[in-house]
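Number of protein chains: 2
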Amino acid sequence: MKKVHIIGLGLLGGSFALALKKSRPDWKLTGFDKNPLHLETALRMGLIGEKRERPDSDTSLVVLATPVDSLYALLDQTLGQVGPDTLVMDFGSTKDQLCRQMAAHPKRSQYLAVHPIAGTENSGPQAAEEKLFDGKVLILCEMEKTDVQLKGLAYEVFEALNMKLRFMDPVDHDLHLAFVSHLSHVSSFVLGKTVLDKTRDEKNIFDMAGSGFASTVRLAKSSPDMWAPIFFENKKNVLEALDSYLEHLSHFRNLLAQGDAEGLHQEMTEANKIRDILDLRD
Amino acid sequence: MKKVHIIGLGLLGGSFALALKKSRPDWKLTGFDKNPLHLETALRMGLIGEKRERPDSDTSLVVLATPVDSLYALLDQTLGQVGPDTLVMDFGSTKDQLCRQMAAHPKRSQYLAVHPIAGTENSGPQAAEEKLFDGKVLILCEMEKTDVQLKGLAYEVFEALNMKLRFMDPVDHDLHLAFVSHLSHVSSFVLGKTVLDKTRDEKNIFDMAGSGFASTVRLAKSSPDMWAPIFFENKKNVLEALDSYLEHLSHFRNLLAQGDAEGLHQEMTEANKIRDILDLRD
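If you read the protein sequences in the order shown, they are chains A and B. All residue numbers for the first sequence refer to this note's numbering, where the first residue is 1240 and numbers rise by one. All residue numbers for the second sequence refer to this note's numbering, where the first residue is 1240 and numbers rise by one.
Hint data in this document are derived by calculation from the structure and do not stem from the laboratory. Check before you lean on any hint, since a few could be wrong.
Given that identical chains are not distinguished, each listed pair holds provided it fits within a single copy or across any two copies.
What the hints assert, rightly or not - As a list, the in silico DSS-like pairs of lysine-lysine whose alpha-carbon atoms are at most 30 Å apart:
hint: 1; residue 1: K1241; residue 2: K1437
hint: 2; residue 1: K1512; residue 2: K1241
hint: 3; residue 1: K1442; residue 2: K1384
hint: 4; residue 1: K1267; residue 2: K1512
hint: 5; residue 1: K1512; residue 2: K1475
hint: 6; residue 1: K1512; residue 2: K1474
hint: 7; residue 1: K1261; residue 2: K1512
hint: 8; residue 1: K1437; residue 2: K1474
hint: 9; residue 1: K1442; residue 2: K1512
hint: 10; residue 1: K1442; residue 2: K1475
hint: 11; residue 1: K1512; residue 2: K1273
hint: 12; residue 1: K1290; residue 2: K1273
hint: 13; residue 1: K1346; residue 2: K1390
hint: 14; residue 1: K1375; residue 2: K1437
hint: 15; residue 1: K1442; residue 2: K1375
hint: 16; residue 1: K1242; residue 2: K1442
hint: 17; residue 1: K1390; residue 2: K1442
hint: 18; residue 1: K1475; residue 2: K1375
One chain only, chain A, in its complex shape (with noise of 0.2 Å):
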């Protein structure tokens, strides 16, 4: 038996929950959520057993799962709280800050830094699926700054549920993420506003919904709260992927004025070779 506590129990908090109750049912979960609406979804859904503002003193791990700008402060008031054998994580979609905020810190060797590239557009405890994560990838940064026993727990847990590890440097991490995922979203979020600020008859993009928009305005459906701090604790590379998004819309749209048949079908073609990547994941 080994005691767990989940800081958050949203989306990425109560999935990861259901998950470790599935593959280690002795397991005991403990767990807080600031939200106390939340709170009680989460523990009346069974994604923990007890309620708790701070982690036993022998807590084997505790997982902050909360939106990115509260973090830091999480992360050093949790471990002034535990023990010298507790493992701290956390699950945000930004690690440079957090990993150079944490780089001098006296318990450095009991945190780790994860990324699991998992989620959906959807938030809160009720949006918790188990199987949120099994097979997903999960991002490990400074792997070898945290201690050699608290890592052999980090990967049991990991095997429990199935994910797959990739080791990366976090200013990379952060770089990569703002234009493979960040773009995705703001692109989505703006796609929405556009949408709707021209289109004052609902119906009409009911109607016309299935002919690509589903899907790719779902993003837009995203917690402003979870991603807000993210655009801003990574508003560099952000702005860097929407200045060259801007860029090349612009040039698409020269094109398409200018009766550019060509380099229009040229780009196109292009961008088609996303499908060589991308398929290989179905």
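Chain A is fixed; fit chain B onto it per the hints.
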């Protein structure tokens, strides 16, 4: 028994054939595709019973499911080949220019302009799905200009395919589609190109695609042969939609650059309203 002839045996033409075979097994399906490989594949898959360069003069229905820039010439040619009791319809994604070109055509009453709001990012006969049209919206334009008897046949076919009919002015159709569908395709093509240009190591794209990228970029796999003509045919509206998108993106960029957390949160909260509209579909 009725004879139906399908020109263009790709995703839409092929799916139409499969659905019609299922619901009207006694009807006789012939077809043509100018790509000999597609034509042979369609025959081998049984999408059509026979290949034929032109419809029999007693064919009840001819469907044109080819790129939009080919439609007027094909429509004019086909109407010259068939007798007075044949209905000819096109499945094109733009409607305004074609309806204007057809306005004074001597056989205008034998033509019906429709647009099935159905598709995937895949193309060619092998992408055809029997259920692609099932329960989907079909937009009909200027139906009052079609002969009343031939309209009866159209209704029979769309009912057999279980489609939801919506009547729309062709000018409105093209404007709404530019914002809801064509803009989604532009944003997705350009997102794919932006990420490919930045990320030399394709493994990073592959590993991180689960973070929202895979669905947002899905449409970038679409066929340039189909989409370049749509963008040019609907150029004025697509440019309006794209310019509006660029403005919204620049606004979002400035909020982020200026550190306006409240403003950025507000933009995302407004975009969230897309959920209220789209979740009605699920």
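Cross-check of the supplied hints:
no.	hint	verdict
1	K1241 <-> K1437	neither (54 Å within a copy, 44 Å between copies)
2	K1512 <-> K1241	neither (46 Å within a copy, 42 Å between copies)
3	K1442 <-> K1384	between (54 Å within a copy, 25 Å between copies)
4	K1267 <-> K1512	neither (47 Å within a copy, 39 Å between copies)
5	K1512 <-> K1475	both (27 Å within a copy, 28 Å between copies)
6	K1512 <-> K1474	both (28 Å within a copy, 25 Å between copies)
7	K1261 <-> K1512	neither (39 Å within a copy, 35 Å between copies)
8	K1437 <-> K1474	both (28 Å within a copy, 17 Å between copies)
9	K1442 <-> K1512	between (35 Å within a copy, 14 Å between copies)
10	K1442 <-> K1475	between (39 Å within a copy, 23 Å between copies)
11	K1512 <-> K1273	between (44 Å within a copy, 25 Å between copies)
12	K1290 <-> K1273	within (11 Å within a copy, 67 Å between copies)
13	K1346 <-> K1390	within (14 Å within a copy, 76 Å between copies)
14	K1375 <-> K1437	between (37 Å within a copy, 23 Å between copies)
15	K1442 <-> K1375	between (37 Å within a copy, 14 Å between copies)
16	K1242 <-> K1442	neither (51 Å within a copy, 36 Å between copies)
17	K1390 <-> K1442	between (53 Å within a copy, 25 Å between copies)
18	K1475 <-> K1375	within (27 Å within a copy, 43 Å between copies)
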